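Given the coordinates of chain A, assemble chain B onto it according to the supplied hints.
Protein chains: 2
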Amino acid sequence: MNSLEESVLQGNRLALARLLTQVENDTADGRAALDSLFPHTGKAHLIGVTGAPGTGKSSLVNQLALYLRKDGRRVAIVAVDPSSPFTGGAVLGDRVRMKDLSGDPGVFIRSMASRGSIGGLAQATANIAQVFDAAGFNVILIETVGAGQSEVDIARLAHTTLVVEAPGLGDDIQAIKAGILEIADIIVVNKADRPGVENTEKALKTMLELAHPVPRVFVHHGTLFQLQSNSVSLAGESRPKGVDEDGWIPPLQRTVATDGTGIAELAQHIVRHREHLHRSGDWTVRDRLRLESELEAVLQSELMNRFRGRVSGDQFDEVMNRLFERRLSPLEAARVLMNGGPA
Amino acid sequence: MNSLEESVLQGNRLALARLLTQVENDTADGRAALDSLFPHTGKAHLIGVTGAPGTGKSSLVNQLALYLRKDGRRVAIVAVDPSSPFTGGAVLGDRVRMKDLSGDPGVFIRSMASRGSIGGLAQATANIAQVFDAAGFNVILIETVGAGQSEVDIARLAHTTLVVEAPGLGDDIQAIKAGILEIADIIVVNKADRPGVENTEKALKTMLELAHPVPRVFVHHGTLFQLQSNSVSLAGESRPKGVDEDGWIPPLQRTVATDGTGIAELAQHIVRHREHLHRSGDWTVRDRLRLESELEAVLQSELMNRFRGRVSGDQFDEVMNRLFERRLSPLEAARVLMNGGPA
Chain A
1 MNSLEESVLQ GNRLALARLL TQVENDTADG RAALDSLFPH TGKAHLIGVT GAPGTGKSSL
61 VNQLALYLRK DGRRVAIVAV DPSSPFTGGA VLGDRVRMKD LSGDPGVFIR SMASRGSIGG
121 LAQATANIAQ VFDAAGFNVI LIETVGAGQS EVDIARLAHT TLVVEAPGLG DDIQAIKAGI
181 LEIADIIVVN KADRPGVENT EKALKTMLEL AHPVPRVFVH HGTLFQLQSN SVSLAGESRP
241 KGVDEDGWIP PLQRTVATDG TGIAELAQHI VRHREHLHRS GDWTVRDRLR LESELEAVLQ
301 SELMNRFRGR VSGDQFDEVM NRLFERRLSP LEAARVLMNG GPA
Chain B
344 MNSLEESVLQ GNRLALARLL TQVENDTADG RAALDSLFPH TGKAHLIGVT GAPGTGKSSL
404 VNQLALYLRK DGRRVAIVAV DPSSPFTGGA VLGDRVRMKD LSGDPGVFIR SMASRGSIGG
464 LAQATANIAQ VFDAAGFNVI LIETVGAGQS EVDIARLAHT TLVVEAPGLG DDIQAIKAGI
524 LEIADIIVVN KADRPGVENT EKALKTMLEL AHPVPRVFVH HGTLFQLQSN SVSLAGESRP
584 KGVDEDGWIP PLQRTVATDG TGIAELAQHI VRHREHLHRS GDWTVRDRLR LESELEAVLQ
644 SELMNRFRGR VSGDQFDEVM NRLFERRLSP LEAARVLMNG GPA
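If you read the sequences in order, they're chains A and B.
According to the numbering used here, the first sequence is numbered sequentially starting from 1.
According to the numbering used here, the second sequence is numbered sequentially starting from 344.
Since the hints were made in silico from the structure, they are not lab data.
Because the structure is a prediction, the values reported are computed rather than measured.
A virtual CB, placed ideally from N, CA and C, is assigned to each residue, including glycine.
Among the clues, some could well be false.
[What the hints assert, rightly or not] Interface residues of chain B toward chain A, partial, derived using beta-carbon atoms under 8 Å:
| id | residue |
| --- | --- |
| 1 | 374 |
| 2 | 377 |
| 3 | 381 |
| 4 | 385 |
| 5 | 512 |
| 6 | 637 |
| 7 | 638 |
| 8 | 641 |
| 9 | 642 |
| 10 | 647 |
| 11 | 663 |
| 12 | 667 |
| 13 | 672 |
| 14 | 674 |
| 15 | 680 |
Next up, chain A with everything else stripped away, as it sits in the complex (with noise of 0.2 Å):
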């Protein structure tokens, strides 16, 4: 461990801010020091907040920091999210918001851009949030735009999912929850001093009722094939005796971010909600199912990087052109260049 490093687990800000601009881009520094830094993470509790634009969940991811820094927890957020005021393209009344975490040395914002691949963001945010992890931060709120799927993804690997509705959004954003729905451990109703508050909250309760959520329990991975699907199998006996099999009901909890209404509360569910997870074994299960996903995401790219280093730009080129010319189709020029480039 170099000192950077040790400056991070010592709690220095400069340090944690160059740490993880080199984690972010993915450095050598940064990945060594994601190494020697591993053994000091997994206290955490990894909180999600996702939600469509417009459902004010940046103001809310606010307010939850400020609430729990009052009870003295250290607080982190990462902003994986285009229109959060934290990664930038925001209104300037939220940049005044965000004003009152920026002098406590208890909070620490990291916005992620949001371009560069797919499945990089996700890494890069599971990443950031280890450094977090590890430099003792309790509590890292993952602020990410309901809509996508990539973002999702990055969600449902917290340990807590808090998705954030609004009324008044129209009728196309209620057509999005029910799949949203299926990640919740809580529902936010921000904005709960706006008109039609009534009806938001009643459509969300039936659209409750209608889904079946799928269980997030341990990856069955008897062979490794398994991996590559999102579905996730229930596996009974690695499930600890005395589990609650179906314990916990998504609480629907109203606020109003702007004037601190229902913060309280809220951040009393997500207590309920990770002492539900140590007694019922779900942080263990969540726990190895977001390691697991790590460790695919990781490995895709090693291999990836090994046959880099076996195929010339040439070969690369010969083959880049054939697939142009239709005469190669996707798969057999990436077999083409398996077997070690054309012939």
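Just chain B now, with coordinates in the frame of chain A:
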């Protein structure tokens, strides 16, 4: 080529539906069909249609398809949007509207399940589009929800990308636009009969002026490593002569999809953009870029498959346990598996 593939080439709809299912499920037959149909691809105009929920882009896609049919063109719709009526999660009104297309033999609608792995969805969409291309569809409309990175990535691989906006979706939605505008070839302000349309247009024009659009040109792959990056560098020497360097300024078109207002004009913009692509050489550039990205995706999954064949379930379980106990980091675990499993 087997009889199913021949039937698809001859325009048999039932055969097409069966083949699409094979391809979406990534069966051995589906993969073989992609290979044998590939020489017949490269003719269709791929049009990505992306926008936030609430912009009415499904109705727009519907109207556009109806309009293009009048010109005698065969139109396929691929819906990759959890809020789309084509994918099933929609309000009744949309379902009714969708029936406009259902009796027309020149139209084929395919909705993609938005579950499954992130990369998998993009790849499956590309494969489905390839089948439609080989089956002789002239235009392929790919509808995605524009808030997530994965959907944006799917849309940006099209020849022409439409970004759909609408008045009155709230400030937060405004914020999302800046990033998405960069990928727009044509901007559509749908629901233009709503109040606030002037403000929406004004905001879009300001953002367009501020935006520095990333030139979407040929990836220069002197070396294979650059494939990994999503950044696109200008390969001056591969750019055909006579190209207007910055010849396309994304037009802004008002529409009211529900009554057809502006659809003819929008179709004209699409034709003009296709002509621009051919004239400038960008058609070839985008085609090549898309194939390169597909090759990358296929390589990743083939490398992973080959790797899985080499590692046993026991080896994987043991490494996974060490990872879970934080005795190995994800990267270390991947390397242990790649070097033949635990000692």
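These are the hints, each one checked on the structure:
1. 374: holds, 6 Å
2. 377: holds, 6 Å
3. 381: holds, 4 Å
4. 385: holds, 6 Å
5. 512: This hint holds: residue 512(B) lies near chain A, its Cβ roughly 7 Å from the closest one there, short of 8 Å.
6. 637: holds, 5 Å
7. 638: holds, 5 Å
8. 641: holds, 4 Å
9. 642: holds, 5 Å
10. 647: holds, 6 Å
11. 663: holds, 6 Å
12. 667: holds, 5 Å
13. 672: holds, 4 Å
14. 674: With Cβ-Cβ at 5 Å, under 8 Å, it holds.
15. 680: Cβ of residue 680(B) sits 7 Å from chain A, so the hint holds.
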